[in-house]
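What follows is the residue order along each chain.
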Amino acid sequence: MRCERCGALIGNSYVRFNGTLLCDNCARDLKIDEIFRRQNSMLEQSFPSLSEIPSVFSLGSELDFANAKIRCPRCGMTLKDIDSSGQLGCIECYNTFNETILKNILKRQGSSEYLGRKPGKAAETTSNVTEPVPGQIPDAPAAKDVSAKTPAQAAGEEKPQKVQPDAAQDDKAILDRLRKADLGTVPDDVLEDGMKRAAAAEDYDLAARLRDELKSRKEG
Amino acid sequence: MWYENEGRNTDVVLSTKVIINRNIKGFPFPPKMSDADRENVMGMARQAAGSMGLNFVRTDELDDNAKKDLYDQFFSGYAFLNSNAKTGYLLGKTEGLGVIINSTDHLSIISMVPGNDAALAYKRADDLAAKFEQCMDIAFSDRFGFLTSQIKTVGTGVQIMATLALPGIEKTQGAVQVLGQRAEKYDWQMIPMTRPDGIRENGIYILSNLATLGLTEQELIDRAAKVIDDIIKLEDSCRKNICTKKKAVIEDQYYRAYAVLKYCRRIEVPEVLTLVNWLRLGQKYIDTSDADIDFKTINKLTQKVRRNYDDYARKGARKRDASAERAALVRDIMRGGDRT
Ligand SMILES: [Zn+2]
Ligand SMILES: [Zn+2]
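As given, the protein sequences belong to chains A and B, one line each in that order. When we follow numbering that gives the first Met the number 0, the leftmost residue of the first sequence carries the number 0, and every step to the right adds one. When we follow numbering that gives the first Met the number 0, the leftmost residue of the second sequence carries the number 0, and every step to the right adds one.
To be clear, the hints were calculated from the coordinates, so they are not data collected in a lab. Accuracy of the hints is not assured; some may be wrong.
[Said to hold, decoys possible] PhoX-like, lysine-lysine: derived pairs with alpha carbons at most 25 Å apart:
(1) K151(B) - K170(B)
(2) K31(B) - K79(A)
(3) K130(B) - K117(A)
(4) K117(A) - K151(B)
(5) K232(B) - K170(B)
(6) K295(B) - K92(B)
(7) K225(B) - K245(B)
(8) K225(B) - K246(B)
(9) K244(B) - K225(B)
(10) K283(B) - K225(B)
(11) K151(B) - K79(A)
(12) K130(B) - K214(A)
(13) K67(B) - K92(B)
(14) K120(A) - K66(B)
(15) K261(B) - K299(B)
(16) K120(A) - K151(B)
(17) K179(A) - K214(A)
(18) K170(B) - K246(B)
(19) K120(A) - K92(B)
(20) K170(B) - K225(B)
(21) K151(B) - K225(B)
(22) K31(B) - K214(A)
(23) K283(B) - K170(B)
(24) K232(B) - K244(B)
(25) K239(B) - K283(B)
(26) K67(B) - K295(B)
(27) K151(B) - K232(B)
Okay, chain B solo, but in the shape it has when bound (with noise of 0.2 Å):
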C-alpha cells in the first residue's frame, strides 16, 4: 500500500493528505439531495471519469475484498462503505489517489502520500480538481471561492491534514500546549486521534488547516510545510531529550516492547500502539543494537494495524479470534515478513 513507500521524516510524520472538495452546479448539497440527484451525480462523474483515466466503483456494489482495500486505501469509515446512500469512488492508478462522489461534497479528491510532503498531495489532488473543472460546471463564486457544502471549507475548498506521531511530545509536560499554540498561530488544529469506535490512539494526532480563505493554494502549502517543520523539530528535541535524561528507562521499554511484539500471541490494537511509541521514541536516540528492527518496520506496524478493516467487519465468535490473527499479523511484520 501507499504508506509503505518512502516519505520524508516518516519518523514523525505518518502520511500527508489532502482533500479538495467540489460540487456541480444544478444539484443541492449531499445532505439535501434526492435519490435522483445522487444517481445523477455518478452518472456524471462515471463520464467524466473515463476521460482522466480513473475507474468508478458504486459503494453499494463493493464485495468485501474492495471494502477492505478501500478502508486500508484512503481509511474510509466502516460506516461509509456499508450504507446504501448511493455514494461511490472514482479509482486510478495511483494507490491512495481517488474521488469519493456522494459524501460530505458531491466530489472529494482525496490524496494521501506518506511522510511529510503536502505540496505532493496537493499537487496530485489539484490536477485532478483542474479536470474536473474543465469537464463540469462547478459551483464557484468570485466572492467565496469554489462553494462547498460546509462553511468551514468554503473558498478554495482544501484541507491539508497530517497524521503525526509524537510520543516525546506527549510524554514530555506541557509539550502538547506549546504545540497547540504553535498551530494556532498559523489558523492550524492540532487533534488526538480517535478511531470511529472511539478508542483513542495514543501518541498519535492530526493536524488540520483551519483556514481556506484569505489565502492562496500557495500560501495554504508553505503554511503546511513551516507547521509540520516546526512540529518535526519539537518532536525530535522532545524524543532526545527523554533519551538522554531517562535513558536507562526508555531502553527497558524499548526492548520490552520490542520483545512483546515480536512474540506475542494475542494482543490488542491500543497496547500495539502503546507499544509501538516507545519504540519510536527510542529508535533514535537510544542503543538499539540488540533488536532488529527500523523505522519503516515501526511504520508498517503502525499503519497496518491500524488500518484492519476485520476489527470492524468480524462478527460473534470470528471477533474473539482477531485478537489472534493480530498478534500473527505483528509477529510477521517485526520479523520484517508480510502476511498481507
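The shape of chain A in the complex, shown without the other chains (with noise of 0.2 Å):
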C-alpha cells in the first residue's frame, strides 16, 4: 500500500482517515494522527467514499499543492478539488493539472507510465491458469496463445510536449510541438489556433488532423 497523499510506501504503521491511506508523517502533518490513529486494524475498518475527505485536507493549509486558484478552464475544476477526491471534471482537466498534481498522485502506482493497448483491438490476453485446484471442477482451460503481446508503446518514444498557446512564439514552434503533441490532451482553443497556423503553412496533413480532433469532439 502506499500513502494517498504523498505516495511513500506504507509498512505496518498508517492511518485511515475517511477512506483514505495516510504514512505516519502525512497524518503527522495534517494533524489527525493522534485522533484517528489505528493499529493494524484492517478488520475494523469501514471504507466511506473519498467524496468525504476534502473538509478534512483543507484544515491542512501548508499543502503547497491545495490550490484553489488554478482551474480547468473548460470544466472550472480546482487543482484543490482534484487533489482532494481524485476526481477529474473532463478530459481537459488531464492537460490542465497535468505537470503537477499527477504526477504526484500517479506516485501511488510507482509508475505513470501507459503500457497498456490502443485503442479499438482488444487486448490478445491469455490464461496462464495451469492447473485445477483437486476436487473441483475446471474450467474448459484457455487457449494457450503463443503470441505475447508486445507493449503498445516502443521504449524509446519521445514524451508528447505540453502545447500552450503562447504569443511569443513562431508558427514554427508552435506547429512542431503540436506534429509532436497527444493531440487528446490538447485544449480546444489550441487546436483551433493550430489548425489556423497549419493551413497558412500549408501544412494539411496536420491542420487535418487538428480538425479531426476538434471535430470527434464538437460531435462526441
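Given two chains presented individually in distinct reference frames, assemble the corresponding complex, making use of the accompanying hints.
Shown next, in the form of C-alpha cells:
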C-alpha cells in the first residue's frame, strides 16, 4: 500500500481517515494522527467514499498543492478539488493539471508510464492458469496463445510535449510541438489556433489531424 | 444467476469482477455533466448497443423486478438504482456482463464470473470495450492511456476485483497482515467487504488492483492470477491448520452452524454469514459425513443472502417479515432447493 497523499510505501503503521490511507508523516502533517490512529486493524475499518475527504484536507493549509486558484478552463475543476477527491471533471483536466498534481498522485502506483493497449482492438490476453485445484471441476482451459502481447509503446518514444498558446512563439515552433503532441490532451482553443496556423503554413496533413480531433469532440 | 455456475477455486474465490471504464470525447465526466450531456451519452450508447447485440434500459424506467435483477446480477447500489440521475444499462445475453452508463464514467463495462478467473472476466469486458472504441471517439492519450473520471483508474482503465471468503485467514492470528503485505508487494489492495448499510461481512474481503499504469493488460491479469493463487494457498493452509489443531471445536461449530441454518425460522444477514464461515472453514478438512451439503450449497447461501434487494426495498411493517422470509430461503438452499 502507498500513502495516498505523498505516495510513500506504507509498512505496518498507517492511518486511514475517511477512506484515505496516510503514512505517519502525512498524518502528523495534517494533525489527525492522534485522534484517528489505529494499529494494523484492517478488520474494523469501514470504507466510506473519498468524496468525504475535502473538509479534512482543507485543514492542512500548508499543503502547497491544495491550491484553489488553478482551474480547468473547460469544466472549472480546481487543483484543490482534484487533490482532495481524485476526481476529474473533463478530459482537459488531464492537460491543465498534468505537470503538477498528476505526477504527485500517480506516484501511488509507482509508475505513470502507460503500457496498455491502444483503442480499437482488444488486448490479446491469455490465461496462464494451468492446474485446476483437485476436487473441483475445471473450466475449459483457455487456449494457450503463444503470441505474447508486446507493449503498445516502444520504449524510446518521445514524451509528448505540453502544448500551450504563446503569442511570443513563432508558427514553426508551435506547429512543431503540435505535430508531436498527444492531441487527446490539447485544449480546444489551441487546436483551433493550430489549425489556422497549419493551414497558413500549408501543412494540410497536420491541419486535417487537428480538425478531426476538434470535430470528434464537438460531435462527441 | 451467473454465480451459481461452476468456477475455479470457488471454495475461496466467490467471484471475479472486471470493470473497464471508458469515456466519450466531447463530454465532461459524469460529475460535471449537464442533463443534456447525459441524455446525449445515453443516446449514443443506445445506438452503439444495437450493433453489439445489447439492449438499452434507462435506470429511471426500471420496475421493481428489473431493479431486483440488476441488484442480484451486478450488486448495483440501491441508491444508484433508485436515483433519477439519467443513468442506464446495456444488457446482453451473458449474465453478469453489462455496461453502466453515466455512473463514475460514461461507460463502465462490468464483467463478473464465478470463482477465480480474471482472464475470462477481462476478456469478456475487453471485447466489449474494443467494440465501443471502434464506433465511438473514446478519450485516449498516448501519455496517460484511457482517460477516466478518476485519477486512480487512468491508464488501462481496468479494475480487477476478486471477492474472497477467508474464514481461515481471518481466524488465524496475524494472517490478515501477512496477506495485506503480500498483496501490497504487487500493488494490490485487500479490504474487508462492507455492505451498503454499513454492516461488515465477516470473513469476506475484496482484493483489487491499484496499478493501471506501468503495466500491460496481460501483466495485470498475470499479477491477478499470482496474487489470488497466493491467497488461495494461504487460506487453504490456514483452514487445514485450524481444522487439525482444533478439530473438536471446529466439528462442533460446523454442525451447530449446519443445524441452525437448516432449521432456523428467523435469521439476520450477519448471523447467516457468521454461520456460513464455520461451514466453509470445516467443509474440506473435517469429517462432514453427518451433513448433507457441499461448497456449491455454501456458495449459493453466501451469494443469495448477500444479494437480497428486498433487504433495502422493504419499509415499515414489511421489514419485520424479512427475517422470517430469509430463514425460509436459507432452509430451502440448505435442503438443495431454490425458491428464486
Ligand atoms: Zn504520506
Ligand atoms: Zn476539466
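Evaluated hints:
| no. | hint | in the structure |
| --- | --- | --- |
| 1 | K151(B) - K170(B) | violated, 32 Å |
| 2 | K31(B) - K79(A) | holds, 16 Å |
| 3 | K130(B) - K117(A) | holds, 13 Å |
| 4 | K117(A) - K151(B) | holds, 19 Å |
| 5 | K232(B) - K170(B) | holds, 15 Å |
| 6 | K295(B) - K92(B) | holds, 24 Å |
| 7 | K225(B) - K245(B) | violated, 30 Å |
| 8 | K225(B) - K246(B) | violated, 31 Å |
| 9 | K244(B) - K225(B) | violated, 29 Å |
| 10 | K283(B) - K225(B) | holds, 23 Å |
| 11 | K151(B) - K79(A) | holds, 16 Å |
| 12 | K130(B) - K214(A) | holds, 21 Å |
| 13 | K67(B) - K92(B) | holds, 18 Å |
| 14 | K120(A) - K66(B) | violated, 33 Å |
| 15 | K261(B) - K299(B) | holds, 14 Å |
| 16 | K120(A) - K151(B) | holds, 23 Å |
| 17 | K179(A) - K214(A) | holds, 19 Å |
| 18 | K170(B) - K246(B) | holds, 14 Å |
| 19 | K120(A) - K92(B) | holds, 22 Å |
| 20 | K170(B) - K225(B) | holds, 23 Å |
| 21 | K151(B) - K225(B) | holds, 22 Å |
| 22 | K31(B) - K214(A) | holds, 21 Å |
| 23 | K283(B) - K170(B) | holds, 16 Å |
| 24 | K232(B) - K244(B) | holds, 18 Å |
| 25 | K239(B) - K283(B) | holds, 8 Å |
| 26 | K67(B) - K295(B) | holds, 23 Å |
| 27 | K151(B) - K232(B) | violated, 29 Å |
Against the hints set out earlier in the document, violations occur for numbers 1, 7, 8, 9, 14, 27.
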